[in-house]
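Chains P and Z supply the protein sequences, listed in that same order. So that you can map any letter, position 103 of the first sequence is 103 in our numbering, and since no number is skipped, the others follow by simple counting. So that you can map any letter, position 310 of the second sequence is 310 in our numbering, and since no number is skipped, the others follow by simple counting.
Think of the hints as simulated: they come from the structure by calculation, not from any bench. Treat each hint with caution, since some may be false.
Claimed, not checked - One-sided excerpt, in silico: chain Z residues whose CB lies under 10 Å from chain P:
| no. | residue |
| --- | --- |
| 1 | 17 |
| 2 | 226 |
| 3 | 308 |
To be verified - With a straight-line cut-off of 25 Å between C-alpha atoms, the simulated BS3-like cross-links for lysine-lysine are:
| no. | chain 1 | residue 1 | chain 2 | residue 2 |
| --- | --- | --- | --- | --- |
| 4 | Z | 92 | P | 268 |
| 5 | P | 267 | Z | 267 |
| 6 | P | 267 | Z | 159 |
The beta carbon of each residue, even a glycine, is placed where N, CA and C say it ideally should be.
Number of protein chains: 2
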Amino acid sequence: MSITVVGSVAFDSVETPSGSYERSLAGAATYFSLAASYFTDVRVIAVVGDDFTPEDEAIFKARNIDTQGIERADGKSFFWRGQYTDNLNEAKTLQTDLNVFATFEPKIPAAYLDTDFLFLANIDPVLQRRVRDGLPSAKLVGGDTMNYWINDHRDNLLKMLEVVDILLINDTETKLLAGNRNPMKAAREVLNLGPKSLVVKHGEYGATAFFGPNSFKSLGLDAHHPFRAPALPLEEVKDPTGAGDSFAGGFFGYIASQPSLTPEVFKKAMFYGGVMGSFAVERFATERLQHLTREEIDERFELFRQLTHLD
Amino acid sequence: MSITVVGSVAFDSVETPSGSYERSLAGAATYFSLAASYFTDVRVIAVVGDDFTPEDEAIFKARNIDTQGIERADGKSFFWRGQYTDNLNEAKTLQTDLNVFATFEPKIPAAYLDTDFLFLANIDPVLQRRVRDGLPSAKLVGGDTMNYWINDHRDNLLKMLEVVDILLINDTETKLLAGNRNPMKAAREVLNLGPKSLVVKHGEYGATAFFGPNSFKSLGLDAHHPFRAPALPLEEVKDPTGAGDSFAGGFFGYIASQPSLTPEVFKKAMFYGGVMGSFAVERFATERLQHLTREEIDERFELFRQLTHLD
Numbered sequence: 001m002s003i004t005v006v007g008s009v010a011f012d013s014v015e016t017p018s019g020s021y022e023r024s025l026a027g028a029a030t031y032f033s034l035a036a037s038y039f040t041d042v043r044v045i046a047v048v049g050d051d052f053t054p055e056d057e058a059i060f061k062a063r064n065i066d067t068q069g070i071e072r073a074d075g076k077s078f079f080w081r082g083q084y085t086d087n088l089n090e091a092k093t094l095q096t097d098l099n100v101f102a103t104f105e106p107k108i109p110a111a112y113l114d115t116d117f118l119f120l121a122n123i124d125p126v127l128q129r130r131v132r133d134g135l136p137s138a139k140l141v142g143g144d145t146m147n148y149w150i151n152d153h154r155d156n157l158l159k160m161l162e163v164v165d166i167l168l169i170n171d172t173e174t175k176l177l178a179g180n181r182n183p184m185k186a187a188r189e190v191l192n193l194g195p196k197s198l199v200v201k202h203g204e205y206g207a208t209a210f211f212g213p214n215s216f217k218s219l220g221l222d223a224h225h226p227f228r229a230p231a232l233p234l235e236e237v238k239d240p241t242g243a244g245d246s247f248a249g250g251f252f253g254y255i256a257s258q259p260s261l262t263p264e265v266f267k268k269a270m271f272y273g274g275v276m277g278s279f280a281v282e283r284f285a286t287e288r289l290q291h292l293t294r295e296e297i298d299e300r301f302e303l304f305r306q307l308t309h310l311d
Numbered sequence: 001m002s003i004t005v006v007g008s009v010a011f012d013s014v015e016t017p018s019g020s021y022e023r024s025l026a027g028a029a030t031y032f033s034l035a036a037s038y039f040t041d042v043r044v045i046a047v048v049g050d051d052f053t054p055e056d057e058a059i060f061k062a063r064n065i066d067t068q069g070i071e072r073a074d075g076k077s078f079f080w081r082g083q084y085t086d087n088l089n090e091a092k093t094l095q096t097d098l099n100v101f102a103t104f105e106p107k108i109p110a111a112y113l114d115t116d117f118l119f120l121a122n123i124d125p126v127l128q129r130r131v132r133d134g135l136p137s138a139k140l141v142g143g144d145t146m147n148y149w150i151n152d153h154r155d156n157l158l159k160m161l162e163v164v165d166i167l168l169i170n171d172t173e174t175k176l177l178a179g180n181r182n183p184m185k186a187a188r189e190v191l192n193l194g195p196k197s198l199v200v201k202h203g204e205y206g207a208t209a210f211f212g213p214n215s216f217k218s219l220g221l222d223a224h225h226p227f228r229a230p231a232l233p234l235e236e237v238k239d240p241t242g243a244g245d246s247f248a249g250g251f252f253g254y255i256a257s258q259p260s261l262t263p264e265v266f267k268k269a270m271f272y273g274g275v276m277g278s279f280a281v282e283r284f285a286t287e288r289l290q291h292l293t294r295e296e297i298d299e300r301f302e303l304f305r306q307l308t309h310l311d
């Protein structure tokens, strides 16, 4: 079934120890939708400026992604300039220009109203909540956020967390949101805020899913049994940008492609998330995510299995 | 078959966010031997001072650990005072008194000369090499080291690495030893220095085993297939001290308990390492490692399996 994602479609200029690039197509919704497109149909809600070219749109179209929800506004697209130095897990932000995103009011195309799966990528939680309320048909909602919203817009974020089934954030965000440094306790605090499941992304160490009191208990997934998927140790990490959004795309895309959400599907989704994240970082920007095959994806899935399984 | 371990038997005073303790029995050889004792017979080579009491020795004896290699010297035992504040993965050293360890000359009891498995816990690599040369019967040698030896005693360390089959160190030490921050490349660099396998410990994220050009290739373990074991997310980490040594003890102890080193045994050993590390940190000092049962250990092994396996 199809996924609708709302989030940023942007341009990034990035410098890493392996090289640099200027104004490549990027943004959370872009990475998410490319990654998810290998599993299911994807629709995007975003806003871009007049610097968004037919060539940029062709990147979505080539992956069969529905772009009618990408609004064109006067001005420039969201722009981010970042740098990775020694620590590839942490970007240094050099420049953020919200541009057309500063006044973004998400508009939901009529054709998206039958959406079954909704992913709220990292934007203002007020907008995330509004999109969720505008798509009541969505039966499973995933979401992401970041330190800025946790620190400075907590009340709005809490209202968004009430309507998120699966929250995908990183270690730092989890501890900050919970006000607790112990991973298990922090997870429980976050799960008390609404989500049925919390997927904590650990960068090069993979990700751990926790299940809470409002959880998928009927599925046999509960707080006493977290689940951890690895990341693949890679020869070269060219560009960590978008790894988390690609994880979310692989994770949610796989779930949406399956007849129902069983524990087995959830666990495999964690592995597919790691797989798509590992592809994303192997090349600059979205390069690797544009031209994969399902065979390559399933081969890497098998590598992840061998990496972690006793037999 | 039995393991001989050489390393420190010491006293620690430690402060963590959960509390503190003064002068508890500790040291790498202590944590290692307690953890390994649940799998096989263990013999210790170390030196202690006149502050090492019959009660301290009784902790080893209760686990059937052979202490005839623990030499008594005039003076005080090795003492360490450390503090963990926010980051439980990193101790701040407040005081290190080498005491009788400053002039330690390891003596190998005649009864240890048939040793099959040898673990060189973190001490001066000159002494590690000397003990290895003094136990030519050892058919599998594990080893550990730390930043101090990597930075300031590199030549001696390289001579020790020539005779180590499995090196167990953490992320920081791996990158420092290799001079490379990429995990795969750093692992390859280290494996070029001698070890057949490198087990990189990631603290709360588990550990990854890499296999190199001098590797156990006959076993089907090679550089293209690293193996990752998780750590268990715990409700409370009371005291991270000794987690790495306990990992090594569970890992090496399990290997020594098996008829031969197969890929399956190696992978299970990685899990048992994580299991013993997770027990160690649940209580202060060696408290938890003193009173386990094999049933508790195997129950936790099963939790680790559920945490990582798709079915």
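Is the straight-line distance between the alpha-carbon of residue 92 (chain Z) and that of residue 268 (chain P) 25 Å or less?
-> Outside the cut-off at roughly 40 Å; violated.
Please verify that hint: residue 17 (chain Z), Cβ, nearest Cβ of chain P, below 10 Å or not.
-> holds, 8 Å
Given hint residue 159 (chain Z) paired with residue 267 (chain P) - CA-CA distance at most 25 Å = violated, 45 Å
Under the criterion that the straight-line Cα-Cα distance not exceed 25 Å, is the pair residue 267 (chain P), residue 267 (chain Z) satisfied?
-> holds, 21 Å
Satisfaction of the residue 308 (chain Z) interface hint, Cβ to chain P closer than 10 Å = holds, 5 Å
Does the CB of residue 226 (chain Z) sit less than 10 Å away from some CB of chain P?
-> Status holds, d = 6 Å.
Checked against the numbered hints given earlier, the structure breaks hints 4, 6 and satisfies all the rest.
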